[in-house]
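K.L.:
Below, each chain spelled out in residue letters.
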Amino acid sequence: MYDRKKLAGIAARRKKWQDEALSPSLRKSPPRLDRFSTVSDEEIDLLYTPDPLSNFDYEEDLGYPGQYPYTRGVQPTMYRGRLWTMRQFAGFGSAEDTNARFKFLLAQGQTGLSTAFHFPTLMGYDSDSPRARGEVGMCGVAIDSLKDMEILFDGIPLDQVTTSMTINGPAAMVFAMYLAVAERQGVPFHKVGGTIQNDILKEYIAQHAWIFPPEPSMRIITDILAYCSENVPRWNTISISGYHIREAGSTAVQELAFTIADGIAYVQAGIEAGIPVDKFAPRLSYFFNAHTDFFEEIAKYRAARRMWARIMRERFHAKDENSWKLRFHTQTAGCTLTAQQPMNNVVRVALQALSGVLGGTQSLHTNSMDETLALPTEQAVTVALRTQQIIAEESGVANTIDPLGGSFFVEQLTNDMEEKAMEYIRKIDEMGGMVAAIKQGYPQREVADAAFHFQRLVDAGKKRIVGLNAYRSPEDTPIPLLKIDDRVEKRQVARTKEVRRKRDAKKARACLSALKEGSLDRKVNLMPLLVDAAREYVTLGEMCDTLRETMGVYTDPAMF
Amino acid sequence: MATAKAKGAAGATPKKASRKIRILVGKPGLDGHDRGAKIIARALRDAGVEVIYTGLHQTPEMIVSAAAQEDVDGIGLSILSGAHNYLFPRIIQLLREKKMGDVVLFGGGIIPDADIPKLLKKGVDRVFTPGTPIQEIVDYVSTRVQPRK
Numbered sequence: 132m133y134d135r136k137k138l139a140g141i142a143a144r145r146k147k148w149q150d151e152a153l154s155p156s157l158r159k160s161p162p163r164l165d166r167f168s169t170v171s172d173e174e175i176d177l178l179y180t181p182d183p184l185s186n187f188d189y190e191e192d193l194g195y196p197g198q199y200p201y202t203r204g205v206q207p208t209m210y211r212g213r214l215w216t217m218r219q220f221a222g223f224g225s226a227e228d229t230n231a232r233f234k235f236l237l238a239q240g241q242t243g244l245s246t247a248f249h250f251p252t253l254m255g256y257d258s259d260s261p262r263a264r265g266e267v268g269m270c271g272v273a274i275d276s277l278k279d280m281e282i283l284f285d286g287i288p289l290d291q292v293t294t295s296m297t298i299n300g301p302a303a304m305v306f307a308m309y310l311a312v313a314e315r316q317g318v319p320f321h322k323v324g325g326t327i328q329n330d331i332l333k334e335y336i337a338q339h340a341w342i343f344p345p346e347p348s349m350r351i352i353t354d355i356l357a358y359c360s361e362n363v364p365r366w367n368t369i370s371i372s373g374y375h376i377r378e379a380g381s382t383a384v385q386e387l388a389f390t391i392a393d394g395i396a397y398v399q400a401g402i403e404a405g406i407p408v409d410k411f412a413p414r415l416s417y418f419f420n421a422h423t424d425f426f427e428e429i430a431k432y433r434a435a436r437r438m439w440a441r442i443m444r445e446r447f448h449a450k451d452e453n454s455w456k457l458r459f460h461t462q463t464a465g466c467t468l469t470a471q472q473p474m475n476n477v478v479r480v481a482l483q484a485l486s487g488v489l490g491g492t493q494s495l496h497t498n499s500m501d502e503t504l505a506l507p508t509e510q511a512v513t514v515a516l517r518t519q520q521i522i523a524e525e526s527g528v529a530n531t532i533d534p535l536g537g538s539f540f541v542e543q544l545t546n547d548m549e550e551k552a553m554e555y556i557r558k559i560d561e562m563g564g565m566v567a568a569i570k571q572g573y574p575q576r577e578v579a580d581a582a583f584h585f586q587r588l589v590d591a592g593k594k595r596i597v598g599l600n601a602y603r604s605p606e607d608t609p610i611p612l613l614k615i616d617d618r619v620e621k622r623q624v625a626r627t628k629e630v631r632r633k634r635d636a637k638k639a640r641a642c643l644s645a646l647k648e649g650s651l652d653r654k655v656n657l658m659p660l661l662v663d664a665a666r667e668y669v670t671l672g673e674m675c676d677t678l679r680e681t682m683g684v685y686t687d688p689a690m691f
Numbered sequence: 022m023a024t025a026k027a028k029g030a031a032g033a034t035p036k037k038a039s040r041k042i043r044i045l046v047g048k049p050g051l052d053g054h055d056r057g058a059k060i061i062a063r064a065l066r067d068a069g070v071e072v073i074y075t076g077l078h079q080t081p082e083m084i085v086s087a088a089a090q091e092d093v094d095g096i097g098l099s100i101l102s103g104a105h106n107y108l109f110p111r112i113i114q115l116l117r118e119k120k121m122g123d124v125v126l127f128g129g130g131i132i133p134d135a136d137i138p139k140l141l142k143k144g145v146d147r148v149f150t151p152g153t154p155i156q157e158i159v160d161y162v163s164t165r166v167q168p169r170k
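Chains as they are written, first to last, in the numbering used here: chain A, 132 to 691; chain B, 22 to 170.
Honestly, I wouldn't trust all of these hints.
[Unchecked claim] The calculated PhoX-like cross-link candidates involving lysine-lysine, where the alpha carbons are at most 25 Å apart (straight line), are:
no., chain 1, residue 1, chain 2, residue 2
1, B, Lys142, A, Lys614
2, B, Lys143, A, Lys614
3, A, Lys278, A, Lys558
4, A, Lys621, B, Lys143
5, A, Lys322, A, Lys410
6, A, Lys614, A, Lys234
7, A, Lys159, A, Lys146
8, B, Lys120, B, Lys143
9, A, Lys137, A, Lys147
10, A, Lys450, A, Lys410
11, A, Lys647, A, Lys628
12, B, Lys139, A, Lys621
13, A, Lys147, A, Lys159
14, A, Lys570, A, Lys558
15, B, Lys41, A, Lys614
What the hints contain is simulated information worked out from the structure, not anything from laboratory work.
Start from the sequences, fold in the hints, and give me the full structure.
P.N.:
Okay, here's the thing in structure tokens:
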């Protein structure tokens, strides 16, 4: 892109500046730190100039928004046409409690729903399972059967609102219940829009809410891909998630690399299951973390788009442009919030959210200041949503596309990020792909090492966190916290038992035996069987138990 | 891997001890957030403590049975799901039933300040809240926990 002669001149003048201006100045005022690095501990130069970017090509590396390789964004107009979806993650207590929170958030101007399920649901247990004791409704909403799902979306028309559901192990079961609710509302499947996370590979690496071992899990996922490409075309079938990999302590590069490598594994599995790539790839989406290092994060999103476009076009030979576009949801980093001086978290979230927006996200969740202590109160979640609205409506950053494009620093970081992430992907390819790499514990070890390294830097004061290892206050001002009522568990257990008592027992049994039989035959798609079971109020735990029998369960390899 | 031993700092193990301090790091309940547990397990191992890590999704019964089998001196629990008010006391109850009441039980995670006195009253020795430097936990273990025999 640059004139070679000019570049040589710039390099020479940089050298002169270093010798004549910088060196004497450094002698007078030495740098604050021995080494400047990002939060991922990648070294950062004093100054970025055009000369190391000599291979940078505007048309090839950036192009135009809405065009390959999409570095500057996936839509030609980006936020001028439509702002990102403001999608606050919510779920606690019973379906009634969460339905009320959904309605509150919609009334505050939230534009999409996002559901947090409690741990028993995430792990495929009903609320009356002994495994669920003490956990019902604590960290999300308790969903055991269609009955709970009906209450959760009561008064919320599913043809008008899109819902994101953070569910992985039992994604197919929860999705089946969602479709059954849509059916009861009279909404045909082809009008239903939303997202299930359904990213099981990330679970083995980081989040750890799994049920079945990798192979049968991949079978369920390809069943969903095939089913949706025929029946629910507006549904985002997998939200390939780096968020949790980052929360588990990975670096930005690892988040990018492992997430894209997971994406590669899903595309490969879909193709091997006989589905043409352009039939399902346009409905894959991504989910990234917005951590604290502002520019590193922006570079990460831009690199991700470019990498995915190249991988889909060159590696998988996808023809549909929609298969090349990486669309992503962003969530600000829960792990960066401090329990100390919790009001400061509002500022952290604002900066992280801004990096997501400057990185071109399609959808955003901003964390609430109280989340290191409990689930968010109405007041805290309103501030978090208002943060997005202030960025959107007041800051002016949504007025032009990719305003940081062309910054020497941002372009260099984007290139570096892509190069380092591709190195990881090459390693994973050599191991035989992500499923094989996970079995060897490779990404798990890399993330654990990075988490430990970062903790050491914090403990040594080499990474400073305000309120934690810098600027501590003797006493924190307490903030109000949400408490989950102890009675939620009792009520939920009673409701689930009642659902089992009232349903047509014969039909429910028939659904379960059909599911069991279907699971033994790879040619059968499990989705229609699960939708049938959901309609008959078969519970999530029952569906999962049936498949546990035939598919087996995954256990933690307990590495540290 | 789970019971890997490291050379570690000599100061962590009292001189009189006939063997190293043995700690079970446990993840009770269904939450999968094991970053904290793994960091503590590594830090204790590096400090010369013998660490047994249970892995995820353990029931109180599984944790106590592993503690008995491994003859540990202390149990460190990490939990973020909010189920600590049920799971911690249940583990203490099971330890007492198995005549293992002298095993020191400590924990940490997302635990509201208001819950801490109740947990201490039920027999939890110490609760660490988010942001505690790892060295503080290592120091606590090396002074508070002794090899039981």
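K.L.:
Provide an ascending list of the numbers of those earlier hints which the structure does not satisfy.
P.N.:
When the structure is compared with the hints, numbers 3, 15 turn out to be violated.
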